[in-house]
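Undergrad: In order, the protein sequence lines correspond to chains A and B. According to my numbering, the first sequence is numbered sequentially starting from 1. According to my numbering, the second sequence is numbered sequentially starting from 1.
No wet-lab data here; the hints were simulated from the structure. No residue lacks a Cβ here, since even glycine has one placed at the ideal position from N, Cα and C. Keep in mind that the hints are not guaranteed to be accurate.
[Claimed, not checked] Computed beta-carbon distance windows for the label pairs:
#1 B:283 x A:109: 44 to 50 Å
#2 A:319 x B:218: 33 to 39 Å
#3 A:319 x B:213: 44 to 50 Å
[Unchecked claim] Partner residues aside, some chain B positions facing chain A, computed with beta carbon under 7 Å:
#4 116
#5 186
#6 271
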Amino acid sequence: MQRIYLDHNATTPVHPAVADTMAAALREEFGNPSSVHHFGQRAKAVVDQARSTVAALIGADPSEVVFTSGGTESDNFAIRGTAEARERTGRRRLIASAIEHEAVLNTLKPLATRGWETTLLPVGETGIVSPDDLRAALRDDTTLVSVMHANNEIGTIQPIAELARVARARGALFHTDAVQSAGKIPIDVRTLGVDLLSISAHKFYGPKGVGAIWIRRGLRLLPILTGGKHERNRRAGTENVAGIVGMGTAAEIARARMADEHARVAALRDRLEEGILRAVPGTVVNGARTPRVPNTTNISFDRIEAESLLIALDLDGIAVSTGSACSSGTLEPSHVLKAMGFPPHRTQNSIRFSLGIGNTEADVDRVIAVLPGIVEKLRSLTRTPVRA
Amino acid sequence: MMRIVVAMSGGVDSSVAAALLTEQGHDVIGLSMQLYNQRGDETFGNCCTLDDLYDARRVAGAIGIPHYILNFERQFQDTVVSNFVHEYAAGRTPLPCAHCNSDLKFSTLLDRARGLGAEQVATGHYARVEQSACGRWLLRRSADPAKDQSYFLFSLTQPQLARASFPVGDLTKPEVRAQARRLGLKVAEKPDSQEICFVPDGDYASFVARKAPAVARGGTVVDRRGAVLGSHGGVHRFTVGQRKGLGVSGPAPLYVLKIEAESRQVTVGPRDALERTALTASGVNWVALDAPSGWLSVSAQIRHRHRPASGRLRATDDDRAEFTFDEPQTAITPGQAVVFYEGDLVIGGGWID
Numbered sequence: 001m002q003r004i005y006l007d008h009n010a011t012t013p014v015h016p017a018v019a020d021t022m023a024a025a026l027r028e029e030f031g032n033p034s035s036v037h038h039f040g041q042r043a044k045a046v047v048d049q050a051r052s053t054v055a056a057l058i059g060a061d062p063s064e065v066v067f068t069s070g071g072t073e074s075d076n077f078a079i080r081g082t083a084e085a086r087e088r089t090g091r092r093r094l095i096a097s098a099i100e101h102e103a104v105l106n107t108l109k110p111l112a113t114r115g116w117e118t119t120l121l122p123v124g125e126t127g128i129v130s131p132d133d134l135r136a137a138l139r140d141d142t143t144l145v146s147v148m149h150a151n152n153e154i155g156t157i158q159p160i161a162e163l164a165r166v167a168r169a170r171g172a173l174f175h176t177d178a179v180q181s182a183g184k185i186p187i188d189v190r191t192l193g194v195d196l197l198s199i200s201a202h203k204f205y206g207p208k209g210v211g212a213i214w215i216r217r218g219l220r221l222l223p224i225l226t227g228g229k230h231e232r233n234r235r236a237g238t239e240n241v242a243g244i245v246g247m248g249t250a251a252e253i254a255r256a257r258m259a260d261e262h263a264r265v266a267a268l269r270d271r272l273e274e275g276i277l278r279a280v281p282g283t284v285v286n287g288a289r290t291p292r293v294p295n296t297t298n299i300s301f302d303r304i305e306a307e308s309l310l311i312a313l314d315l316d317g318i319a320v321s322t323g324s325a326c327s328s329g330t331l332e333p334s335h336v337l338k339a340m341g342f343p344p345h346r347t348q349n350s351i352r353f354s355l356g357i358g359n360t361e362a363d364v365d366r367v368i369a370v371l372p373g374i375v376e377k378l379r380s381l382t383r384t385p386v387r388a
Numbered sequence: 001m002m003r004i005v006v007a008m009s010g011g012v013d014s015s016v017a018a019a020l021l022t023e024q025g026h027d028v029i030g031l032s033m034q035l036y037n038q039r040g041d042e043t044f045g046n047c048c049t050l051d052d053l054y055d056a057r058r059v060a061g062a063i064g065i066p067h068y069i070l071n072f073e074r075q076f077q078d079t080v081v082s083n084f085v086h087e088y089a090a091g092r093t094p095l096p097c098a099h100c101n102s103d104l105k106f107s108t109l110l111d112r113a114r115g116l117g118a119e120q121v122a123t124g125h126y127a128r129v130e131q132s133a134c135g136r137w138l139l140r141r142s143a144d145p146a147k148d149q150s151y152f153l154f155s156l157t158q159p160q161l162a163r164a165s166f167p168v169g170d171l172t173k174p175e176v177r178a179q180a181r182r183l184g185l186k187v188a189e190k191p192d193s194q195e196i197c198f199v200p201d202g203d204y205a206s207f208v209a210r211k212a213p214a215v216a217r218g219g220t221v222v223d224r225r226g227a228v229l230g231s232h233g234g235v236h237r238f239t240v241g242q243r244k245g246l247g248v249s250g251p252a253p254l255y256v257l258k259i260e261a262e263s264r265q266v267t268v269g270p271r272d273a274l275e276r277t278a279l280t281a282s283g284v285n286w287v288a289l290d291a292p293s294g295w296l297s298v299s300a301q302i303r304h305r306h307r308p309a310s311g312r313l314r315a316t317d318d319d320r321a322e323f324t325f326d327e328p329q330t331a332i333t334p335g336q337a338v339v340f341y342e343g344d345l346v347i348g349g350g351w352i353d
């Protein structure tokens, strides 16, 4: 069976060129970047080379880029590192949007139990955070505001530059989780005006298990991993050299191809979206259709359990997803759609299609061709009709 | 060859069921039901835990079939758990496994399976289903009398039985384990599940009291003449026939004879006072035949571990029946199922009033 992968927001296939540079690094650059000798120097050189290309992807200076184990660690570091560094200043308030990734939301929870005030910013049906809501939530003792650049489930792009301006005007630091935007749309940390930015390699055709955090020069975080003096004392642990090399190559490719790929994928996504809305009755796009990352659409199917639709599509060779999976691998109602104010049935009937490098018009057309039949079959067997 | 969904619990029985159907060349899809919160903020019992779901996934991987986990937390609460709590609160003794079979596995799960293009839902139950010459779907006891689960399946309707498959029903438990070893399944030696899966440590009373705090209001323990012998902490703590934990004592052992939820009164008495020669049942499902017009001589099983006793059965209306035993039976317990058999054939069954 010819399988079609439409779940690039979960992870992307490793680009062949990335696999090649990683394989070479695994074979040849075994040195420890902290070692003084020749082998260490070689490893250090390839890590720093990757640091430069990753920095270039986000308009940063290489010295401000710290490699991590991925987006989750970067988000943890941004929040806990800031909170712990500033715990004694008396500014013990944190703000995030209600549609953040769990890596942010679940990092705030333990802080809330130890005396930090946390506020979640609402989003309306558009799935976009309003600067006015942030302005209203800010206090003089707000330490950090964390709002994601692009949402993983619905793809909406947040007005980060404006939000960061609002936050910094009240003396708060600003972190953005750019895991879903890096490699898809241009990012320039100076234009965004943020203090901290998280990215992850496997969302843009790099390997899993490696990511980075950009920390504005001069900003001090308390490390969350302690040990040796790696990454300029900011993240202990021997570097994942091959992973970092792979991330560097992936960043380079993403930057070189961004303009073309953006246009190509956006056209495919729009074709898919229009095709589904036209071919399947009772469908609607969740969230604002613009501004959105070019590869994502999230569609609600009236009177459908997303769980069943996902499985039926998989059995037909089409891989999509709903919101987040829980520990057992089952699907839970989307916290993003819930935060957008949708009623319960709407948070459980939505499917995310996220396109990427390997997808073609033929893929999109096949999905549009098989969906109506699958949906009709599922609807005909719905015992208790879910309200429209 | 057809598409079949196997409800995989991660145990040896449903694992062997999935492997046998796959071996027969069917297009098998493994589905596991997550029945309650796995996020760790509530304590639950020992079936379908994360470990079991992991086992199911591993078995599916080993036999090369797709496997998905369905979130049925809400449906499980709405059907099985709420009935369990409600029955105890009403002074009855529920049988959640039977409700899970007819109201969840061969209901919601079957619907889902049909949506995925499956003809049947297979489970690891020890029972046999077959079609008679005249087209009626019949339910029979398993080849392993010690493991037979037909008692828990009596409420399956004809359309449900038509879509049910019990691939291990012709095997004994040792044969199932031998098959698991032959197939190289890692769960071959996994212990059988015990107790009611969603109740931690078999402590039903605490579970019910947590879910329905109002039941924990105390009441009195009385003898058959109505004389008060003591007090108790809620009717949900009692089952007809129960001897332990009554909090009262007499010259001879005392047993629970009657539970009245309204007055919160529990009547106790000697063992011989538990004996009854008749029962009525409601919610009756006729399996082997339509509701009979006259008296039938069959056997009735009134508990999972009860040896069926002979007597006479008749339908009193569409979904009610009465049964008269040839010999008195002890502890005919309201809320439990009574299942009528002729040999190994399930005639029908209902809920004891």
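Undergrad: Please go over all the hints and tell whether each is borne out by the structure.
TA: Checked hints:
For residue 283 of chain B and residue 109 of chain A, the hinted distance range of 44 to 50 Å is satisfied, since their beta carbons lie about 45 Å from each other. One distance hint, 33 to 39 Å for the beta-carbon pair residue 319 of chain A and residue 218 of chain B, is violated here, with the actual separation near 57 Å. Checking the proposed 44 to 50 Å range against residue 319 of chain A and residue 213 of chain B shows it holds: the Cβ atoms sit about 45 Å from each other. For residue 116 of chain B, the interface hint holds, since its Cβ comes within 7 Å of a Cβ in chain A; the closest pair sits about 5 Å apart.
Among the interface hints, the one on residue 186 of chain B is violated; its C-beta lies about 19 Å from the nearest C-beta in chain A, farther than the 7 Å criterion. With its C-beta approaching chain A no nearer than about 46 Å, residue 271 of chain B sits outside the 7 Å limit, and its interface hint is violated.
Violated hints, in rising order: 2, 5 and 6; the structure is consistent with all others.
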